[in-house]
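Sequences are here, hints too, so could you generate the full structure?
Taken in sequence, the protein lines are chains A and B. Using the working numbering, the letters of the first sequence correspond one by one to residues 667 to 1408. Using the working numbering, the letters of the second sequence correspond one by one to residues 667 to 1408.
By construction, these hints were calculated from the structure, which means they are not laboratory data. Errors might be hidden in some of the hints.
[Stated by the list, open to error] Think about it this way: if two alpha-carbon atoms lie no more than 25 angstroms apart in a straight line, the pair counts; the simulated DMTMM-like pairs of lysine to aspartate or glutamate are: (1) A:Lys861 x A:Glu768; (2) B:Lys1032 x A:Glu1179; (3) B:Lys1032 x A:Glu1301; (4) A:Lys1070 x A:Glu1230; (5) B:Lys1015 x B:Glu1301; (6) B:Lys1128 x B:Glu1107; (7) A:Lys1216 x A:Glu1179; (8) A:Lys1317 x A:Asp1376; (9) A:Lys1032 x B:Glu1291; (10) B:Lys1032 x A:Glu1311; (11) A:Lys1153 x A:Glu1277; (12) A:Lys1296 x B:Glu1301; (13) B:Lys1316 x A:Glu1277; (14) A:Lys1015 x A:Asp1304; (15) B:Lys1022 x A:Glu901; (16) A:Lys1296 x B:Glu1035; (17) A:Lys1327 x B:Glu1035; (18) A:Lys1022 x B:Glu1295; (19) B:Lys1327 x A:Glu1035; (20) A:Lys794 x A:Glu1301; (21) B:Lys1317 x A:Glu1277; (22) B:Lys1022 x A:Asp902; (23) A:Lys1296 x B:Glu1291; (24) A:Lys1128 x A:Asp881; (25) B:Lys1032 x A:Glu1291; (26) B:Lys1296 x B:Glu1311; (27) A:Lys1022 x A:Glu1301; (28) A:Lys861 x A:Asp821; (29) B:Lys951 x A:Glu1035; (30) B:Lys1327 x A:Glu1074; (31) A:Lys1317 x B:Glu1035; (32) A:Lys1296 x B:Glu1311; (33) B:Lys1056 x B:Glu1069; (34) B:Lys848 x B:Glu838; (35) B:Lys1296 x A:Asp902; (36) A:Lys872 x A:Glu804.
[Unchecked claim] Computed list of chain B residues with no C-beta within reach of chain A, every gap over 10 angstroms: (37) Leu742; (38) Asp791; (39) Tyr792; (40) Ile806.
These figures come from a predicted structure and were not determined experimentally. We put the beta carbon where it would ideally sit given N, CA and C, even for glycine.
Number of protein chains: 2
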Amino acid sequence: METPRLDLKCFSRIILKQEVLVRKLINIKNIISALLLVSIFCGLCSAVQADEGMWPLSEIQKLNLQEKGLRIDPALIYDPARQSLLYAVVEVGATGSFISEEGLLITNHHVAFGSVQAASTPEKDYLKHGFLARTRAEEIPAAGRTARITESFKDVSTEVLSVVKKKMSSSERARAIERKIKELAAAAEKANPDKRAEVAEMFPGKSYWLFLYTDLKDIRLVYVPPLSVGNFGGEDDNWVWPRHTGDFTLMRAYVAPDGQPAEYSLDNVPFHPKTYLKINPAGVKEGDFVFLLGYPGRTYRHLPASYIAYEQNVRMPAVADWYEWQIRLMEEMSRGSREVALKHEARIKGLANTMKNYRGKLAGLKRLEYLAQKQQEEEALRAFIQADPKRQAVYGQVLPGLEKIYKEMELNYPRNFVLENLRRSVVLFQNAMTVVEAVHERQKPDLERNIAYMDKNFARTKQRIGLTIRSSFYLPTDLAIFKELLKKAPTLSDNQRIEELSQLVSDGCNLDETVNKIFENTRLQEEEFIKNLWDRKPAELKQIDDAMLKLALALYPQYFKMEEANRARKGHLDELQARLVNIRQEFMGQQFIPDANSTLRLTYGRVEGYEPRDAVFCKPFTTVEGIVEKTTGCEPYDTPPALLELVRQKKFGRFINPELKTISVCMLYSTDTTGGNSGSPIINAEGELVGVNFDRTWEATINDFTWSHDFSRSIGVDIRYVLWILQELAGAGGLLAEMGIK
Amino acid sequence: METPRLDLKCFSRIILKQEVLVRKLINIKNIISALLLVSIFCGLCSAVQADEGMWPLSEIQKLNLQEKGLRIDPALIYDPARQSLLYAVVEVGATGSFISEEGLLITNHHVAFGSVQAASTPEKDYLKHGFLARTRAEEIPAAGRTARITESFKDVSTEVLSVVKKKMSSSERARAIERKIKELAAAAEKANPDKRAEVAEMFPGKSYWLFLYTDLKDIRLVYVPPLSVGNFGGEDDNWVWPRHTGDFTLMRAYVAPDGQPAEYSLDNVPFHPKTYLKINPAGVKEGDFVFLLGYPGRTYRHLPASYIAYEQNVRMPAVADWYEWQIRLMEEMSRGSREVALKHEARIKGLANTMKNYRGKLAGLKRLEYLAQKQQEEEALRAFIQADPKRQAVYGQVLPGLEKIYKEMELNYPRNFVLENLRRSVVLFQNAMTVVEAVHERQKPDLERNIAYMDKNFARTKQRIGLTIRSSFYLPTDLAIFKELLKKAPTLSDNQRIEELSQLVSDGCNLDETVNKIFENTRLQEEEFIKNLWDRKPAELKQIDDAMLKLALALYPQYFKMEEANRARKGHLDELQARLVNIRQEFMGQQFIPDANSTLRLTYGRVEGYEPRDAVFCKPFTTVEGIVEKTTGCEPYDTPPALLELVRQKKFGRFINPELKTISVCMLYSTDTTGGNSGSPIINAEGELVGVNFDRTWEATINDFTWSHDFSRSIGVDIRYVLWILQELAGAGGLLAEMGIK
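What follows is the structure in structure tokens.
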């Protein structure tokens, strides 16, 4: 599934842009397949078009969307002067949208998952059985959930880049930009005390936009389908078509009686959005034009072939293998104990999600021979640069410079792999390193700190540690992962050597004994113990007798150095990438749009199936009969008996799909989406809601690098299934009325 | 894949007939889907029709095949007075067909597999690299292979049933029929010394036909594709669509210079068949009418619901689980040793083939709710019987009688499972029991013996033991299986108890010690030791100090009793089934055709895709691009580089599929096939060869019980792929010329 974006550590989003040459290269094939599909399967539909692109709203007037199938004025989607659809779309971890004037919101079940879990108890297991608030008073606070509305944005590239001086080192450059961005955001928040401000890199090193947001803080659960509907198919079906998941949830935003954002309070009243989406209960049909608004996280379409080579040959295979190893370990550890299994459940889910995504990308890269295409494009670009001495002078070092950086990353990968994964995968070491880093960072002025330790974020950083210990820490697993990583230390080449780890596993030592000793002599699984460490000074920390903490302290300089190197590299990369974008635009005679960066975007396409492999055609709609087909009675295919009965009786009523003569469940469409687009409204040519986006097909994981009309399909819940579930399974007639469904 | 039929032990084939009511029940759905498919995907093709039925050739005049799409006179397929297509089709383990006047034969790679393996050496590995005889002299004998031509058949029901007397017990009845059949066959062979005679049960207990066959005994390999073509996809793709296996092989039949069948000799000359199939190098297209001739093994369409319940709830799940357990064991044992792995390879392949087939059938039974349909039909039949006192008197006890038998089989299943699988899965016990049984049976007159020990078969029975020891016996696996079965002995209820086994594992005993002791004190893995036992008398056998032999002797009475009970049951079943067929025919006002029984049959349908599950449509042709897509470089996806290069260069030439603009590899069609149809010629409306059948889709494993137009698809190699491989990969222009391809 699409991962809800991480709020923390998003600071240095590398922000890139759509791949145009590749599109050109495969365009003819696309057109032929599109025409073929249209003529064979959809003789009646008008000639609507799908295209690459997660478009910033500022760009959509250039798109001629009406030529492509839109039947409303594009200004109704985004016009700073009007109540446009823009204001109906919110960021709620991923994406959601308002569907009533009373602040009713629709998003994905998997996006709201954490809130539903937090609201559940063994006695009232809303996650398992679902939840319906029959009155406003019954609506439950969605703990920690906010809904962010994009209010405005403006280009601040000149201000940001004004701090860059010629003589700066790459590291100084990066640090200067970082600081300027923080200053601009702080100033904007001071000027707009009810808003949050964020500066987003649009093209790294080249363009920066300041976004103003309203963050609604009192969000409540209104309707949650049972897990066996909202998560039907579970991990098995993740990234898979055909899909039958009712991945939607309804929430409601509340504000203070004066209309201002406020934390949860009984006095709060439903939020009245500037605009909301009207629902079309007739849905869409094959071939129809649709578009999505949402907050896609990250794409990497403007990076060079050397980056793709690094991802394809080095990083992704290593991470996928490592996650697979961890999954097997956790499954092994979980065997026989439900309690232990629960500790691992969310971690396995996360690891498997990424692993499956990476394997999908690797298969997609191979399928499209993308690296070779990219290299071919760059050959032509090199020739173009060399053909003109002026261009050669300005751009001659761009591609070689980028190649050098990725080569270096490849060389350093084994070492960084150990350091990064020690911190990422070993909970006790992560706790120790967070404490050590916090204690050092908190010595600096607020704006100088690593973002996790800035005053506005520090409380969350501390909370998160407690949450991890309580929800997913299991000592034997932690120990096994630590040992596995430690084993790699002696295999590092001399210039990669991590002295502090090598010493631990030097010839004379018994690995098991060493590891056990560290785990026996640490208290970093105790929240109370950690609580007492946050406010220490660096020197005081050294006095504490805790083996894991001592290891973290010993390794801290390594991590500090790694972070500094990353910053310097980012500075250098930004500079080279900005120039690469410039020369590629010149070469191709075309303006690019920036890569996804968790800011609001539009993507359009049409409802259509695809051929994932030879002789297999995936149709664009699944049906409730497919649910019956998959149902085994065991999780994740344990359909509620009441739903099975509805299908058996063919109680399809007014939400029937007239072409298929049944209820359609999920659908495929050729939009350009990535993680963060979870929950995005699927909107028809008239600007009405016809579904909720929640995933991509496995073949579409390649979207992070490139978009392909042959393979890139997004997956959404058909609004008719949503309405049918609400009416027939939940008996939520009141909500249907609120949405204007008569 | 379709299993080549077993020649041995085929005697008591239960021979049944097609399910007509079920067809009626689902007919409307079929017609709608057929029309829909036709109209959507194939607007241009003429309205050809697919239908259930593996038709004996005597019945085809009733079929109105010309109305269904055939464009030649049906008499050209079968007319005893003419050189009809019948004589082009041979039984070669499964099915094959003549494709030149010089006795050139085409069948499946998997059918010829054993012969190719036997002809291979580590130096000349024809299995791996393929084989092409550039001259007749280079053709290699296909060891043990025969090609059987059906010469004629006649109804001998009256003669066979004349031996049944009213006062006979079920066992006596079965034995009398068994003997009569052997006598009729012996008499026919005496009258036709150059022919083989076999009596086949058409409807058990009701009708019997005597077939006369010509068995050609000098069969030679002419062309074998490399394993990476002929077995592309291996076990992974078995029963799977989309398929890309070039599952074909060319052989040639030779006879003595006088034209008579003869064993291999250098003096032999190519056989001139009465007729052979002309190849149409233009192939077929979606929607085209096709028919198959072949030797389908067994179907079970006329058995009652109580039989389906027994298969679905008792036997198939138990066997599938047991085979899966064995596969896991063998894989575990094979880990780390290629030599041990080779011992298990064929066994795993066989077990997996059956397991996957059973799982497919179980899924299909569930998908079609077949048991409920069958029960519903029988409810109506019961009512029909009860409505008339005369019918009640004659048929009132048929369904209850059958129910009682299958209930009893269910009750005895745990006990019989242990006995049957001891013999089937533990090689040393199998050897011991074969010796014990042979020594007892060989005391009787030839015609009275169990078929494996009749003079004409005994040599093969003995050979087979040696072959098993040499090719697939691995002691630790044998021991583990034995132990697993022994563990089940104490779990049997009191009335199921197998005393001789229970004693071995009684309370005081250590199971490991017991089993080890038996395996340490047996020589039944030594061919020389076994060789000395065949001619002993029963009393002598008892003197031999061999633990496994002693166990087999102790258990022999149990096996003897089981066989007697099986025979008595068969007698009783035959009688009831014959009556069931009669009353069902009366009830439905329709004549049935017999179930498949390894005799020559015709089935027809059309080239068409299907929807195996919700939202997935499988197209009817795969392409060489799909081969590239699946190729990993590792077995079973290790396509020859030369083939990949041909695809890359698009060297498609004259065998191109004009609709797909590439070479099509495999195809789907809605004929009614089962095991034994492997190698069946796929013949177009003009009577020309357009492909070679080799498998069914996973959903079509249900064919053994019923045929479904929605799900029953057979899989064949497109003749254009065969010709393309011969021309481009093998450079076998001479063979193309011989087949009349200019």
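Quick rundown of the hints versus the structure:
no.	hint	in the structure
1	A:Lys861 x A:Glu768	holds (21 angstroms)
2	B:Lys1032 x A:Glu1179	violated (55 angstroms)
3	B:Lys1032 x A:Glu1301	holds (19 angstroms)
4	A:Lys1070 x A:Glu1230	holds (18 angstroms)
5	B:Lys1015 x B:Glu1301	holds (14 angstroms)
6	B:Lys1128 x B:Glu1107	holds (14 angstroms)
7	A:Lys1216 x A:Glu1179	holds (17 angstroms)
8	A:Lys1317 x A:Asp1376	violated (36 angstroms)
9	A:Lys1032 x B:Glu1291	holds (14 angstroms)
10	B:Lys1032 x A:Glu1311	holds (17 angstroms)
11	A:Lys1153 x A:Glu1277	violated (44 angstroms)
12	A:Lys1296 x B:Glu1301	violated (31 angstroms)
13	B:Lys1316 x A:Glu1277	holds (21 angstroms)
14	A:Lys1015 x A:Asp1304	holds (19 angstroms)
15	B:Lys1022 x A:Glu901	holds (24 angstroms)
16	A:Lys1296 x B:Glu1035	holds (15 angstroms)
17	A:Lys1327 x B:Glu1035	holds (22 angstroms)
18	A:Lys1022 x B:Glu1295	holds (19 angstroms)
19	B:Lys1327 x A:Glu1035	holds (22 angstroms)
20	A:Lys794 x A:Glu1301	holds (11 angstroms)
21	B:Lys1317 x A:Glu1277	holds (24 angstroms)
22	B:Lys1022 x A:Asp902	holds (20 angstroms)
23	A:Lys1296 x B:Glu1291	violated (30 angstroms)
24	A:Lys1128 x A:Asp881	holds (22 angstroms)
25	B:Lys1032 x A:Glu1291	holds (14 angstroms)
26	B:Lys1296 x B:Glu1311	holds (15 angstroms)
27	A:Lys1022 x A:Glu1301	holds (20 angstroms)
28	A:Lys861 x A:Asp821	holds (18 angstroms)
29	B:Lys951 x A:Glu1035	violated (31 angstroms)
30	B:Lys1327 x A:Glu1074	violated (46 angstroms)
31	A:Lys1317 x B:Glu1035	holds (21 angstroms)
32	A:Lys1296 x B:Glu1311	violated (41 angstroms)
33	B:Lys1056 x B:Glu1069	holds (22 angstroms)
34	B:Lys848 x B:Glu838	holds (15 angstroms)
35	B:Lys1296 x A:Asp902	holds (22 angstroms)
36	A:Lys872 x A:Glu804	violated (49 angstroms)
37	Leu742	holds (33 angstroms)
38	Asp791	holds (29 angstroms)
39	Tyr792	holds (29 angstroms)
40	Ile806	holds (34 angstroms)
Checked against the numbered hints given earlier, the structure breaks hints 2, 8, 11, 12, 23, 29, 30, 32 and 36 and satisfies all the rest.
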